[in-house]
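2 protein chains.
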Amino acid sequence: MFLPEWLKHYQKEQLNGDLIAGIIVAVVLVPQSMAYGLLAGLPPEVALYSSVLPLLLYAAFGSSRTLAVGPVGLMSLMTGATLIEMDISNVNDMVSTAHTLALLIGIILLLMRVARLGSIINFLSHPVISGFVSASAIIIALSQMKHIFGLDIPRGLPAYETFYQVASQIPQSNLTTTVIGISSLVLLWAFKAPLVKLLTSISFSESAIQFISKSGPLAAVVISTFGVYYLALDTQHQVSIIGNIPPGLPGIILPNLELSLIRELLPYAILIALIGYLESVSIAKSMASQKRQKIDSNKELVGLGAANIASAISGGYPVAGGFGRSMVNFTAGANSPLASVITACLVALTLLVLTPLFFFLPKAALGAIIVLAVLPLIDAHTLKHAWTYDRTDAFSLLVTFFTVLIIDVESGIIAGVIMSIALYLYRSSQPHIAIVGQVGDTEHYRNIDRHEVNVDQKVLAMRVDENLYFANTNFLEDTVMRLVADNKAINHIVLICSSISVIDTSGLESLDDILYRLNKVDVKLHLAEIKGPVMDKLRGTDFLNNLGEENVFMSTHQAMQALKSDH
Amino acid sequence: MFLPEWLKHYQKEQLNGDLIAGIIVAVVLVPQSMAYGLLAGLPPEVALYSSVLPLLLYAAFGSSRTLAVGPVGLMSLMTGATLIEMDISNVNDMVSTAHTLALLIGIILLLMRVARLGSIINFLSHPVISGFVSASAIIIALSQMKHIFGLDIPRGLPAYETFYQVASQIPQSNLTTTVIGISSLVLLWAFKAPLVKLLTSISFSESAIQFISKSGPLAAVVISTFGVYYLALDTQHQVSIIGNIPPGLPGIILPNLELSLIRELLPYAILIALIGYLESVSIAKSMASQKRQKIDSNKELVGLGAANIASAISGGYPVAGGFGRSMVNFTAGANSPLASVITACLVALTLLVLTPLFFFLPKAALGAIIVLAVLPLIDAHTLKHAWTYDRTDAFSLLVTFFTVLIIDVESGIIAGVIMSIALYLYRSSQPHIAIVGQVGDTEHYRNIDRHEVNVDQKVLAMRVDENLYFANTNFLEDTVMRLVADNKAINHIVLICSSISVIDTSGLESLDDILYRLNKVDVKLHLAEIKGPVMDKLRGTDFLNNLGEENVFMSTHQAMQALKSDH
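Going down the list, the sequences are from chains A and B.
If you're matching positions, the first sequence starts at 1 in the working numbering and goes up one per residue.
If you're matching positions, the second sequence starts at 1 in the working numbering and goes up one per residue.
Just so you know, these hints were derived from the structure itself, not from any lab.
Treat the hints loosely; a few may be bogus.
Given that identical chains are not distinguished, each listed pair holds provided it fits within a single copy or across any two copies.
[Claimed, not checked] Here are the simulated lysine to aspartate or glutamate pairs, EDC-like style, with alpha carbons at most 16 Å apart: (1) K537 - D441; (2) K524 - E452; (3) K458 - D486; (4) K524 - D512; (5) K12 - D296; (6) K488 - D513.
In isolation and in its complexed conformation, chain A is listed as follows:
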């Protein structure tokens, strides 16, 4: 019988932590997932359905012990944007398209596993991710302003346009809604650091503090719902409420598999799948490294793929590992995915018996929950760090950030990737080339511009600090010929290859050109410190035959010694 690894070796003493963490995460998850449903423009039950079966499937197939899977901000935002771009406004169609989207995402993740494409996310650099996440957090927070202030702002606008609309409509806000929204924000904020401080000062036990401090969303939901119900704010002051949530567990359904729909959804599905995978793996890795556990990125693909397929067939929408809830799970002491199983059971219980209680839940409170959940994602530190350490990385970050805000999420991530690859290639197309000399009597050779070194008038030793490939072959050729033209006394050039790990076909042709051109001016070319794999490839090429293996030296020192005695 199939049993996940963690279950086979489950130990009794893990249960306590899993139980507490499972309960706390459920307390956070129920209100949060309804809020994320709102963000995607979907009915709250769709998000709640996404919080049952997917958790069980991830527990069975995923590799992280503490990743909390379910509806998350970024996926909800992108799902909502996809539905808007496809021009679907009928609620039933939106829900059914969301199922299909989740199914496609699940299948894409499984196919990535089969094709071993997990490492594709390496091409998203940290600064690009940082700019992307910060800008998305701002978009998500902005999108909730209409709920918090009770405004009527269309969805799917670029961020700057939403900002402008919010600012210009503020005078028309619904006062009662605004009071609910702002006080929810204050309440949620108070549940974080201030409450913990207070409870610590009056000597609450640590586990009690943890439980209470994570109950902010629950408290906001309970208080605001009761307030709306008791004061009849929905009918008397036009406060938007959640309304009817159909009770009961989701049934198993087959998503719409029309070919034309699939074709239209596919590009969105690919991008959302990549983002969801990226987000989940980064969170899982950062938690695992703190406990010296390992994340298997292939298993992650399977776990997330299975979770999304489960979501699709149980009436849900795309899911991933969420940053906030995973941290709650982790710090609450979850030891194994059993915590997620417990969470799923509690959400199922909520669906069975508690949905009538959410009828009067004001959307303003859910908006406040989202805002507080995404604000910590806005990350200025990486920008500051990149700005001082590597300006080009800061540039990629800013391009991503502003493209997301001005155009949209998809364009932002694509612009960021293109930007960072282009800047990297540009940099490696103009490699650092150092002329080196001997340090004293040692066997060390260092840059003549940085160290006190001895140089030979007739032998020029140069170190190319980059692979030789198509983008920089012209640069190398030009540099070598310029050096020869500027130093008429030179008879020998030693090319130090310690930094060269790859010589592609263009690079090889270029070396052959250099050799030919140097021969014409009676300068001899020599190579030193070629790495094994590079030398393996060079053997048998015309270039090496023309050069002669006797002109390849193991070390720079050996080359310099041999050439010195040459005169």
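Chain A is already provided as a structure; the job is to place chain B on it using the hints.
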């Protein structure tokens, strides 16, 4: 007064070579340019106009002494494809759009000069260029079959479709046209090697041989024109002829500058400008290096930009430096751009007095001239070479080649560039990492898998053969942690940075992670052989502060010595 460099230092003894080369190139250019006009779907006079003023402007501003500018195959093909894709069929509109295209190309090249973007062509690797040129040559040759066999095949089809159409229509070919076409091909072929051999054997002087052997196209034109005229093949056997060419020099005109037209043409213009620039610079460089002259790629941008603007305002279409004619110019002994000035004067003379003679020139002969001109561009050598040396480069070549043949020229070049960049990045995302040991008692450290070396049980020295950047940070982290897990005895890791020229922000964060994770398992991290520029950037970062500068060693040997005595 502005005088080009070459004219200021002109020497009498250069004149002879320039005169002969100028005449020979004119003899080749007149028929060839009419043929290329046909290829672009433009009237022959447009191509002849492109062979006067542009040559003079390039002579004034270009940096190559022997580049023969004018209509070329690739540009004609791409211009024709652009006109078809823009759905222009009226000849007057086609001509006027071609003027605008040439103007845009000229302006783009000048802007590239201003923005110093000349090095952008470095991102076209040799294999991609080879695949692109070979496939284009095949397309061009295929496109002439309709002229050679007198068939009716629409232009602008993908190559495989053209091939299919030609093959299926061969039974309907016009016999007379086919005879003219095939005999022109045979004549042109005979003028190459066989005729040279014959003339040499009967002791002709070398310059006479050169002149005669280059007159193949002229001979084909004269003989076939006379044949058509004398036997009235045009009226009696429906042989397609050139017809009326308006006599006289081109007037100066202002191309159509409608904004909507410019916007539509711009993407094509950018690509054609890049290709033209690339082709010209490669040819110029290969000739210059044989005579130890220098090509200034910035001056090339100005020269080609000016030539295209000149073509636009004198009734021509896009021009570039042509491979075949430049070689003719070079081998015929051209010493300076004066040769091109002479060529331009002869083409002008042709326009003034000779155009009536071309009336009966059969298109089949022009088709044969094009086919013989482009066949040498089909290059199997680079594929063979890349296949044995570097399979991924061969793969890029083939992708480019087949994309050009199956889709079109533009898609091919774009697919090739993306392919070669993606493969390069993929390779550098999984860098070679070598564990090294001491070679005997020397200060050299080499890969333990390749050399007999001594290793220390407690100190692991590893060399990363690649820059640390976003694409490979995960790989490095995983490898280091795996090595630590597999070698429990290790207390120290020495990271040899001799191949690391760039550490970007992601790389730095990754190093910090590695340091943190190694500390947790009581393994100390050390760096050796960091390059100056890399060390400059690391100073002041949290990572270096956490590591401690005392753990940075100049050489691997020093690190190993220090750590050995540590126990």
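Hint-by-hint comparison with the structure:
no.: 1; hint: K537 - D441; in the structure: neither (34 Å within a copy, 29 Å between copies)
no.: 2; hint: K524 - E452; in the structure: neither (26 Å within a copy, 31 Å between copies)
no.: 3; hint: K458 - D486; in the structure: within (13 Å within a copy, 49 Å between copies)
no.: 4; hint: K524 - D512; in the structure: within (13 Å within a copy, 44 Å between copies)
no.: 5; hint: K12 - D296; in the structure: neither (25 Å within a copy, 76 Å between copies)
no.: 6; hint: K488 - D513; in the structure: neither (20 Å within a copy, 49 Å between copies)
Checked against the numbered hints listed earlier, the structure breaks hints 1, 2, 5, 6; every other hint is satisfied.
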